[in-house]
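Let's have the full structure, built from the sequences with the hints guiding it.
Residue strings, one per chain:
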Amino acid sequence: SGLAAMRKHAVRAMPGSDWQPLEITPGLPPERADVVIVGGGVVGWSVAYWLKRKERIRDGVRVLVVEKDPTYSQASTVLSVGGIRQQFSLPENIHLSLASAEFLRSINEHLGVLNEDPVDLQFNHSGYLFIASEKGAGIMEENYRTQRYAGAKVTLLSPAQVKEKFPWLNTEGVALASYGLENEGWFDPWSLLNALRRKAISMGVYQCFGEVTGRVTSDCLLDAFEMSFKRIRYVNVRMPNSLEYQPVECAIVVNAAGAHSGKVADLAGIGSGPKDTLAAVPVPVEPRKRYVYVLHCPDGPGLDTPFLIDYSGVYCRREGLGGNYIAGLSPEEEEEPDTRDLEVDYNFFQDRIWPLLAHRVPAFECTKVASAWAGYYDYNTFDQNCILGLHPLVNNMYFATGFSGHGLQQSPAAGRALAELILDGGFRTLDLSALGFERIFHQEPVLERSIV
Amino acid sequence: MALYRTVQLSGCARMCVSVARPYSTVARSPSTPLPLRSKLLFFLSQHFYDVEQLLSWSSWLRNWTLRRKNTFYSYTQEQYGNNVAAAFYILSLKGGFRFSGQSEWFRPNEKGKFSWDFVNFQEHPIEEVDVSGTVINCTGLDNLVSQKNLRTLSLRGCREVDDWFLSRLHIFQESLEELNLSGCPRISVGGLCALHHLRKLRKLDLSSLPRVQNPGLVRILLEEVLPHCHITGVEYDEGLQAFQEEKDSEALSSTGTGA
Chain A
339 SGLAAMRKHA VRAMPGSDWQ PLEITPGLPP ERADVVIVGG GVVGWSVAYW LKRKERIRDG
399 VRVLVVEKDP TYSQASTVLS VGGIRQQFSL PENIHLSLAS AEFLRSINEH LGVLNEDPVD
459 LQFNHSGYLF IASEKGAGIM EENYRTQRYA GAKVTLLSPA QVKEKFPWLN TEGVALASYG
519 LENEGWFDPW SLLNALRRKA ISMGVYQCFG EVTGRVTSDC LLDAFEMSFK RIRYVNVRMP
579 NSLEYQPVEC AIVVNAAGAH SGKVADLAGI GSGPKDTLAA VPVPVEPRKR YVYVLHCPDG
639 PGLDTPFLID YSGVYCRREG LGGNYIAGLS PEEEEEPDTR DLEVDYNFFQ DRIWPLLAHR
699 VPAFECTKVA SAWAGYYDYN TFDQNCILGL HPLVNNMYFA TGFSGHGLQQ SPAAGRALAE
759 LILDGGFRTL DLSALGFERI FHQEPVLERS IV
Chain B
4 MALYRTVQLS GCARMCVSVA RPYSTVARSP STPLPLRSKL LFFLSQHFYD VEQLLSWSSW
64 LRNWTLRRKN TFYSYTQEQY GNNVAAAFYI LSLKGGFRFS GQSEWFRPNE KGKFSWDFVN
124 FQEHPIEEVD VSGTVINCTG LDNLVSQKNL RTLSLRGCRE VDDWFLSRLH IFQESLEELN
184 LSGCPRISVG GLCALHHLRK LRKLDLSSLP RVQNPGLVRI LLEEVLPHCH ITGVEYDEGL
244 QAFQEEKDSE ALSSTGTGA
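If you're matching them up, the sequences are chains A and B in order. Letter by letter, the first sequence follows residues 339 to 790 of the numbering used here. Letter by letter, the second sequence follows residues 4 to 262 of the numbering used here.
No lab work stands behind these hints, which were simulated from the structure alone. One or more hints might be untrue.
With a straight-line cut-off of 35 Å between C-alpha atoms, the simulated DSBU-like cross-links for lysine-lysine are [unchecked claim]: (1) A:491 - B:72; (2) B:203 - A:503; (3) B:151 - A:503; (4) A:491 - A:501; (5) B:206 - A:392; (6) A:501 - A:473; (7) A:491 - B:114; (8) A:501 - B:151; (9) A:473 - A:491; (10) B:97 - B:42; (11) B:250 - B:151; (12) B:97 - B:151; (13) A:601 - A:392; (14) A:613 - A:601; (15) A:491 - B:250; (16) B:114 - A:503; (17) A:473 - A:503; (18) A:706 - A:473; (19) B:42 - A:392; (20) A:706 - B:250; (21) B:151 - A:491; (22) B:206 - A:491; (23) B:116 - A:501; (24) B:116 - B:97; (25) B:250 - B:114; (26) B:97 - B:206; (27) B:116 - B:72; (28) B:203 - B:250; (29) A:392 - A:491; (30) B:42 - A:346; (31) A:346 - A:392; (32) B:250 - B:72; (33) B:203 - B:72; (34) A:501 - B:250; (35) A:406 - A:346; (36) B:97 - B:114.
Encoded structure:
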């Protein structure tokens with residue numbers, strides 16, 4: 339095999355290849371790229387894939403995806419519970435989810451690579467069941483009308499119907515329930531990430547493991563009315579565990595860094611202007627830690643268990659066929675856990691989740707916590723909906739962040755929307771202009787009306 | 004025709020496809036060797052842009068044919084009504100059906116020709132459908148959405164029926180009594196768990212589903228969820244035998260090394 343290695347070297351050294359005799363640092367990114375996507379999660383790779391799919395000539399756009407952690411140990415994508423639903427109150431969110439479900443349905447047509455295995459998402463079509471109390475029933479009915487108008491297949495159930503369909507559920511306090519019939523359920527986020535990555539790399543996207551650091555240098559383009567517009571000329575990518583960096587000259591930067599988007603935006607100088615100006619408004623995305631607990635309950639609900647979301651906020655879904663379940667709860671603002679690490683607090687389950695869960699599903703009174711993990715939400719502190727679009731003060735920085743827990747289920751459609759913005763100059767398939775930056779500057783939050 | 008040679012790019016550029024499996028919609032087990040034709044095509048596609056483009060065109064054409072066969076028959080529906088449109092769709096797929104109130108089945112013959120008598124039954128909904136071995140898929144169900152009296156559906160050996168198709172079967176929840184899913188290579192547990200909507204289901208056939216790992220366990224769980232349904236084609240201890248053989252082989256190897 340020494341001969342084979344020699345032959346490989348000889349072929350790579352032929353004219354036209356990138357081979358250099360003095361390769362000092364492996365894994366450096368190219369010196370120039372058209373689009374640099376900061377963040378290699380499912381949203382980042384979705385944008386990369388759609389950019390390559392929409393380019394009109396081969397190698398028309400040179401895309402580079404920069405990911406900080408090659409092991410994805412703290413990435414929100416792989417730690418996600420993996421659910422997809424259309425039961426939102428904002429039409430834009432419903433359309434994003436519907437389009438993503440459409441993409442996942444024909445995923446092998448989109449992401450099939452020649453001579454590779456077909457993509458297996460392990461999609462469980464169990465639907466979401468939202469439960470509303472007396473207070474939230476009115477909002478749930480309005481949301482139902484919005485969802486049906488947008489094309490989601492949802493149905494409303496009375497407490498009697500809920501009891502008949504799911505006898506293991508305790509219907510005390512339930513006034514109305516909303517059940518998704520199609521395109522809802524949960525799947526494996528790692529498979530989707532790998533499928534997008536494999537297809538994008540086969541189409542010619544460059545992947546680099548490194549961190550975007552230092553001051554992302556920008557050029558002052560125009561000074562008028564005491565406002566300065568910046569343009570990013572190049573991005574410094576630092577290699578992991580090293581001080582070495584490579585400046586990548588780029589035309590467009592896409593911020594898809596998830597929980598760390600706020601930090602990447604700070605590097606571009608957003609939020610550090612004089613007080614009470616537009617330049618002082620930072621990107622309102624910060625990491626929030628969420629716990630996910632794996633429970634084992636041998637007498638729990640069976641194969642028909644939907645993704646149950648109670649009006650108290652606690653959620654629970656089936657995992658596999660062995661009597662395991664996944665549960666969690668979004669904490670209140672006051673009891674937000676520390677985001678420095680991903681350690682799990684088991685007392686949170688004992689004190690907060692278990693009473694609510696056992697009240698709703700009596701079978702969970704005798705359940706055991708098999709394991710747990712924690713992950714970050716890229717939480718949009720302004721209105722908990724995603725931010726898609728260009729920043730008005732930085733000429734060439736696009737944002738696809740702030741999904742607040744819905745990044746995985748909206749990633750295919752959001753990637754397509756951002757690719758349309760970059761290559762076509764505007765939204766073509768879905769009009770998501772309500773989710774741009776204007777609402778943050780005008781202080782007009784676009785809120786999801788949840789059923790409490 | 005000049006074949007344009009692909010330039011080998013090293014470093015972080017083009018990825019060499021590492022696993023050599025033919026591009027098929029069904030996953031192959033690693034033990035079956037590749038046929039010579041596929042190996043040759045794969046080798047050529049790695050070295051010539053033209054071959055790569057031709058192969059991607061052929062797979063695009065395959066997808067386009069599937070979409071065309073499963074399109075919505077809107078013209079027939081406008082002219083003749085829902086029932087005749089559904090009937091025409093099933094006959095075009097080379098499947099068979101029976102109207103409610105009639106006793107004979109409408110099927111195309113071996114050459115694909117069928118009689119046009121079904122056009123006269125505009126008021127009769129369809130009661131039994133047999134689309135075994137056809138390329139019906141999830142979007143094709145749009146043609147059958149209106150058939151609320153459907154009692155029997157046979158999908159034996161349909162290679163395009165997958166979990167998304169099963170998740171749409173809830174439209175027949177008031178009427179479907181018999182469902183045959185044997186031999187469908189794409190169905191897995193994720194789709195079978197959506198069958199709990201079919202409350203009137205009495206017979207369910209789940210034989211030879213290659214992607215279901217624990218058929219016995221799935222049968223037990225489905226019987227819990229559909230108490231009146233009789234599930235055939237799978238025994239309670241299927242999927243358990245492999246574990247028993249592993250245990251036996253472990254015991255044998257441990258005694259061998261011990262002695």
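Verification of the supplied hints:
Between residue 491 of chain A and residue 72 of chain B the CA atoms are separated by roughly 25 Å; this keeps the pair inside 35 Å, and the hint holds. With a C-alpha separation of about 13 Å, the suggested pairing of residue 203 of chain B with residue 503 of chain A holds against the 35 Å cut-off. Under the criterion of a C-alpha separation no larger than 35 Å, the hint pairing residue 151 of chain B with residue 503 of chain A is consistent with the structure, at around 21 Å. Restraint check: the Cα-Cα separation between residue 491 of chain A and residue 501 of chain A comes to about 21 Å, which is no more than 35 Å; the hinted pair holds.
A distance of roughly 47 Å separates the Cα atoms of residue 206 of chain B and residue 392 of chain A; the hinted pair therefore is violated under the 35 Å criterion. Of the supplied pair hints, the one linking residue 501 of chain A and residue 473 of chain A holds, its CA atoms being roughly 20 Å apart against a limit of 35 Å. The straight-line distance between the Cα atoms of residue 491 of chain A and residue 114 of chain B is roughly 40 Å, outside the 35 Å bound, and the hint therefore fails. At most 35 Å may separate the alpha-carbon atoms for a hinted pair to count; residue 501 of chain A and residue 151 of chain B meet this at roughly 25 Å.
Taking the CA atoms of residue 473 of chain A and residue 491 of chain A, the gap is about 24 Å. The hint holds against a cut of 35 Å. A threshold of 35 Å between alpha carbons decides the hint, and for residue 97 of chain B with residue 42 of chain B the separation of about 33 Å falls inside it, so the pair holds. Proximity of residue 250 of chain B to residue 151 of chain B is assessed by CA-CA distance (about 50 Å); at most 35 Å being required, the pair is judged violated. For the given pair, residue 97 of chain B sits about 22 Å from residue 151 of chain B by alpha-carbon distance, which is consistent with the 35 Å threshold.
Taking the CA atoms of residue 601 of chain A and residue 392 of chain A, the gap is near 30 Å; set against the 35 Å cutoff, the hint holds. Between the alpha carbons of residue 613 of chain A and residue 601 of chain A the distance comes to roughly 19 Å, so the proposed pair stays at or under 35 Å and holds. Between residue 491 of chain A and residue 250 of chain B, the direct Cα distance comes to roughly 47 Å. Violation of the 35 Å bound is thereby established for this hinted pair. Note on residue 114 of chain B and residue 503 of chain A: the hinted pairing is violated, with a Cα-Cα distance of about 46 Å set against a maximum of 35 Å.
With a C-alpha separation of about 23 Å, the suggested pairing of residue 473 of chain A with residue 503 of chain A holds against the 35 Å cut-off. Taking the CA atoms of residue 706 of chain A and residue 473 of chain A, the gap is near 32 Å; set against the 35 Å cutoff, the hint holds. Proximity of residue 42 of chain B to residue 392 of chain A is assessed by CA-CA distance (about 30 Å); at most 35 Å being required, the pair is judged to hold. For the suggested pair residue 706 of chain A and residue 250 of chain B, the alpha carbons sit about 28 Å apart, so the restraint of at most 35 Å is met.
With a CA separation close to 17 Å, the supplied pair residue 151 of chain B and residue 491 of chain A stays within the 35 Å bound. About 27 Å separates the Cα atoms of residue 206 of chain B and residue 491 of chain A, which keeps this hinted pair within 35 Å; it holds. Among the hinted pairs, residue 116 of chain B with residue 501 of chain A is inconsistent with the structure: their alpha-carbon atoms are about 50 Å apart, more than 35 Å. Annotation: proposed proximity of residue 116 of chain B to residue 97 of chain B holds, straight-line Cα distance about 9 Å (limit 35 Å).
This hinted pair does not check out: residue 250 of chain B and residue 114 of chain B have alpha carbons roughly 52 Å apart, beyond 35 Å. Restraint check for residue 97 of chain B and residue 206 of chain B: the C-alpha separation of about 24 Å stays at or below 35 Å, so the hint holds. With a CA separation close to 16 Å, the supplied pair residue 116 of chain B and residue 72 of chain B stays within the 35 Å bound. Under the criterion of a C-alpha separation no larger than 35 Å, the hint pairing residue 203 of chain B with residue 250 of chain B is inconsistent with the structure, at around 41 Å.
Taken as a hint, the residue 392 of chain A and residue 491 of chain A pair is honoured in the structure, with Cα atoms around 30 Å apart against an allowance of 35 Å. A C-alpha spacing of about 21 Å is found between residue 42 of chain B and residue 346 of chain A, which places the hinted pair at or below 35 Å, so the restraint holds. As the CA atoms of residue 346 of chain A and residue 392 of chain A are separated by approximately 34 Å, the hinted pair is consistent with the 35 Å bound. Proposed proximity of residue 250 of chain B and residue 72 of chain B is contradicted: the alpha carbons are some 48 Å apart, above 35 Å.
In summary, the hint linking residue 203 of chain B to residue 72 of chain B is supported, as the alpha carbons are separated by about 30 Å, within the 35 Å threshold. Annotation: proposed proximity of residue 501 of chain A to residue 250 of chain B is violated, straight-line Cα distance about 43 Å (limit 35 Å). Distance hint between residue 406 of chain A and residue 346 of chain A is fulfilled; the C-alpha atoms sit about 30 Å from each other, no more than 35 Å. For the hint pairing residue 97 of chain B with residue 114 of chain B, the CA-to-CA distance comes to about 10 Å; that is within 35 Å, so the pair holds.
Hints 5, 7, 11, 15, 16, 23, 25, 28, 32 and 34 from the earlier list are contradicted by this structure; the remaining hints agree with it.
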